[in-house]
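Asker: Make the full structure from the sequences, and use the hints.
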Amino acid sequence: MAEKTFREAIIEAMAEEMRRDERVVLIGEDVGRFGGAMGASKGLFQEFGPSRVIDTPISEAAIIGSALGMALTGQRPIAELMFIDFAGVCMDQILNQVAKVRYMLGGQVKVPLVIRTQGGAGKGYAAQHSQSLEAWFTHVPGLKVVMPATPRDAKGLLKSAIRDDNPVMFIEHKLLYNNKGEVPEDPEFLIPLGKAEVKREGSDLTIVSHSRQVLNCLEAAEELSNQGIEAEVIDLRTLRPMDFDAVRASVEKTGRLVTVEEGYPQCGIGAEVVARIAEQCFESLDMPPIRIASKDTPIPFARVLEQETLPSPRRIVETVLAARRWVRRPQDQRLAV
Amino acid sequence: MSTSNSNLSPQTRIALYRQMVRIRKFEEKTHELYKAGRLTGMSPHLCIGEEASAVGVISALNPDDYILSTHRGHGHCLAKGAEMGKMYAELYGKETGYCRGRGGSMHIADVAQGNLGANGIVGAGLPIALGAGFSIQKRGTKQVVACFFGDAATNQGAFHEAMNMSKAFHLPVVWVCENNLYGLSTPIEKVAATRTLSDRAKGYAMPGITVDGMDVEAVRAVAEGAVSLARGGGGPTLLEVRTYRYFGHGASDHRPYRTREEEQGWWKRCPVANYRARLLAEGVATEAELAALEQEIDAEVEAGVAFAQSSPDPNPQESTLYVYTEG
Amino acid sequence: MALTRVIMPKTGAEMEEGRIVSWKKNEGERIEKGGILLEIETDKATMEVEAPASGFVLKRLYREGEVVPATQLIAVLGDGNEPPEDVQRLIRAEGEAAPGLKPAPPVSPAQPIQPTAAEGSGAPIKASPLARRLAREKGIDLASIQGTGPGGRIEKDDVLRAAAVKAAAPSSPEIVVPFSTMRRAIARRVSHSQQETPDFSVTMALDMTAALQRKKELQAAGKHVSINDLIIFAVSRTLTSHPDLNAQLEGDSLRRHREINIGLAVGTDDGLYVPIVRRADRLSLEEIAAETQRLTAKVEQKQLTAEDMAGGTFTVSNLGMFGVESFTAIIVPPQTGILSVGCVVDRPVRGAGDRLAWQPTMAATLTVDHRVVDGLGAAKFLRDLKAPLAALCD
Chain A
0 MAEKTFREAI IEAMAEEMRR DERVVLIGED VGRFGGAMGA SKGLFQEFGP
50 SRVIDTPISE AAIIGSALGM ALTGQRPIAE LMFIDFAGVC MDQILNQVAK
100 VRYMLGGQVK VPLVIRTQGG AGKGYAAQHS QSLEAWFTHV PGLKVVMPAT
150 PRDAKGLLKS AIRDDNPVMF IEHKLLYNNK GEVPEDPEFL IPLGKAEVKR
200 EGSDLTIVSH SRQVLNCLEA AEELSNQGIE AEVIDLRTLR PMDFDAVRAS
250 VEKTGRLVTV EEGYPQCGIG AEVVARIAEQ CFESLDMPPI RIASKDTPIP
300 FARVLEQETL PSPRRIVETV LAARRWVRRP QDQRLAV
Chain B
0 MSTSNSNLSP QTRIALYRQM VRIRKFEEKT HELYKAGRLT GMSPHLCIGE
50 EASAVGVISA LNPDDYILST HRGHGHCLAK GAEMGKMYAE LYGKETGYCR
100 GRGGSMHIAD VAQGNLGANG IVGAGLPIAL GAGFSIQKRG TKQVVACFFG
150 DAATNQGAFH EAMNMSKAFH LPVVWVCENN LYGLSTPIEK VAATRTLSDR
200 AKGYAMPGIT VDGMDVEAVR AVAEGAVSLA RGGGGPTLLE VRTYRYFGHG
250 ASDHRPYRTR EEEQGWWKRC PVANYRARLL AEGVATEAEL AALEQEIDAE
300 VEAGVAFAQS SPDPNPQEST LYVYTEG
Chain C
0 MALTRVIMPK TGAEMEEGRI VSWKKNEGER IEKGGILLEI ETDKATMEVE
50 APASGFVLKR LYREGEVVPA TQLIAVLGDG NEPPEDVQRL IRAEGEAAPG
100 LKPAPPVSPA QPIQPTAAEG SGAPIKASPL ARRLAREKGI DLASIQGTGP
150 GGRIEKDDVL RAAAVKAAAP SSPEIVVPFS TMRRAIARRV SHSQQETPDF
200 SVTMALDMTA ALQRKKELQA AGKHVSINDL IIFAVSRTLT SHPDLNAQLE
250 GDSLRRHREI NIGLAVGTDD GLYVPIVRRA DRLSLEEIAA ETQRLTAKVE
300 QKQLTAEDMA GGTFTVSNLG MFGVESFTAI IVPPQTGILS VGCVVDRPVR
350 GAGDRLAWQP TMAATLTVDH RVVDGLGAAK FLRDLKAPLA ALCD
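Top line first, the protein sequences correspond to chains A, B and C. In case it helps, numbering that gives the first Met the number 0 puts the first sequence at residues 0 to 336. In case it helps, numbering that gives the first Met the number 0 puts the second sequence at residues 0 to 326. In case it helps, numbering that gives the first Met the number 0 puts the third sequence at residues 0 to 393.
Don't read these hints as lab results, they were simulated from the structure. All values derive from a computational prediction rather than experimental measurement. Note that the Cβ used here is the ideal one computed from N, Cα and C, for glycine as well. It is possible that part of the hints are untrue.
What the hints assert, rightly or not - Covered, in the sense of this in silico footprint (three residues per stretch, anywhere, with C-beta under 8 Å from a C-beta of chain B), are these stretches of chain A:
| id | segment |
| --- | --- |
| 1 | 70-83 |
| 2 | 89-97 |
| 3 | 100-112 |
| 4 | 192-198 |
What the hints assert, rightly or not - If you only want the chain A side, here are some residues facing chain B, beta carbon under 10 Å, derived:
| id | residue |
| --- | --- |
| 5 | S50 |
| 6 | R51 |
| 7 | I53 |
| 8 | K143 |
| 9 | D164 |
| 10 | P166 |
| 11 | L217 |
| 12 | P240 |
Answerer: Structure representation (structure tokens):
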């Protein structure tokens, strides 16, 4: 175990996998000599050279297409899409080619491809560089979608994604790169895709989230605990395939569901979770489910506006407290009636 | 055309003819089947008239070279060595088709022969061809990628990204633009900055060659040059193959944007009929030999259709198979 | 085949509702015409309901324990090929025509019942899905719970609290037992009778010497005759000359019944049954005895039918076996009189030669509807009772 930043965890994951399997290559804008716009590929070009770390022009369609072509012809590429907001430029390659080619060709090919990208707001990067578009990709069969919240999860999940024979959208959050956490050093440390994690146990309500908002949920849970309400926080980690069993088990225990996400409020990840809970856990619900998301606007530039737009620990706490008449527990019991 | 200025062997020339006849007869039968309501879905996009392009280029490739194809891809697929039975089965949507009925005409592919797939998105094959090129380069093998696309695709952003990157990285790609003068109903000359599409190569510092796409040996010759350049590490070439699709874009296209005179003019230049005449005139084959060859292909077509018709449908319970690679 | 409606049968003129005791067939099971589909409990008795046609049980509309008004649809039979929409339409049509149902509190001992304000209010109860499930599982009526959630929504904690109260009930000093269907019916009837009928009572001591003698003689001959039988015998004879006491008030008229059908009140642990001895005036004492024995056996075996209890014109009630000397009974509507008797008590009387003698006497109290019978009529009836009693030892 060692303390690493999220960024270091990403670099380590790629380096270890590239050492382990010479078919793993990295391709994208500024990923080689420069070490990546987010610094997330630092040192890889130096270690592996230009045949395995390819600096491309600003040609997103060509980047993703190249990665696909490589995957179809025996390589295991990682393509970096610098900002998820740029997905519009290469959407055909992701949606119509990468996600579908195995199916359309009746299984004649496999697509062992990772598209690493980053998104999210909070740095004042404004509307075209701050989005959380995971719902788009989670919608599409043929893709897998992974979003780690901690350095440990980032490393274990990225390694698994690289070893997966399927296309994986690996979405990082720009505010997480400098966060520190304990990361196992074992080069065989893997976290399986499709498994959520209970980041905090509680019996009064279930909070389901992913990526950076998980940290806000944990902070909110601490404040709620001071008020005698114990929240269980579930980090989905993989959005597609989603570990719904974990969510269901928690809601059956607590009877109350809150989802928190940074994406736009309509048709987001929370909507999928709530729909499944309504379908499968109807009689476990003691309270209508609550979705917390960004406000329904493009992300604003001005800091005060951006902060208002995004979910925050304060907004989560206030929303939970307003949901019902919570009976505070005695301090020593910590069990809401 | 009675003197032979061909440097190809008689066997090769007959082989070229055979492939073109295979494509022609396959497409004619496909057209007949669709009109008779035997095939479902969007009408297949037939390449009747463009046989010399597919055959000329692909005959210059090795078996382990890759191709990327288009929505009008039956010819490419056959020329790269596909079996008619599995192709018809795919058109019929049967389990025994190349794509187990999941792709259909526009996504037909025989990956084992190096065909990385027909594509329903105009220009989408070009970025993928780059990737195949990167693979070859990394492995250090002497393979080549031939990427087919139409005249209209040269206006797509992806075309320009791919042109640029293929040259910037010296990828072993042959870009084959099959210019049949129309993007569905739109004449290319009305919407392209340059009339001669191979001129676009200049912007990407690569050789650009225009060739008569109705002459299979002419196509073959320029293809050989481009392939050789790529195989030798000389980077990409843009070939503009001037050709014509005799039928509409699809079955419902009754071609109001072309005159019958124009079409008749091009029919006179039919690559199959004219090459047949040339082979006879130059004594490469006798009438009897060619007739026999044609009959063989008729039989191949019939057998292929019969195979497809008697094949089972895919199992509906398995409709979600092949979305992901399991395990 | 058309759908077949199965309704809650109206087993008697006064039967207004029945409780479903147990279903004998599940949904989807086949039943033949005449087969027993379910058991119901009415104000009078528990009885079986037969299937009116053969077919599959497509739908059971109520659960065991629920109370349904008479003639309301309780099940639908069919051959299974009918479109589900037809079944739904039939059920909905019934729902629109039928009066609202009262949800029955499930019968369980020591269950606290709070006054239900929601009963009859018609408003849907706000409760979370979890609260509904828990209430269902624990057998708690949602209408009896006060919700503390937003807008008064009943939440899990509210149900758990109600359950805790219910569970704690056995240790409380007071036990509240809910009415059974029969009890409810009796309560309704006697209230009605008490309120509607201006009654009064007259008591007389009856000399039972002859009657007891006769009883002893028959006993020796191996024929068992009870005090009830003696009283029924005497009453039936007396009623022949007091038709107003074997009658029914109808507005301003009095319908004098042709038959004299005497009901005998039989108390059991689960309620009061009143089987009828039909045409008691035509029966001999022994025949009356045979009939009352037959009927009491049926009561004990819980096989008394509605028919057994229908058509009574006068009622006799005896609490003498408990040592009660006399008491006043409440008239069973729509009858005009009821005779209640106590135990036989030896009283000292002035006998022959002014000597003290013991006479077995029984207090008989006649309660009559004053609209029909005056004191005179009542007194005369009691006086006239003596004769048939005395005649038993002729």
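Asker: Now, for every hint given, state plainly whether the structure supports it.
Answerer: Hints, one by one, checked against the model:
no., hint, result
1, 70-83, "holds (count 6)"
2, 89-97, "holds (count 4)"
3, 100-112, "holds (count 12)"
4, 192-198, "violated (count 0)"
5, S50, "holds (5 Å)"
6, R51, "holds (7 Å)"
7, I53, "holds (7 Å)"
8, K143, "holds (8 Å)"
9, D164, "holds (4 Å)"
10, P166, "holds (9 Å)"
11, L217, "violated (32 Å)"
12, P240, "holds (9 Å)"
Figure legend: structure checked against the earlier numbered hints; hints not met, in rising order: 4, 11.
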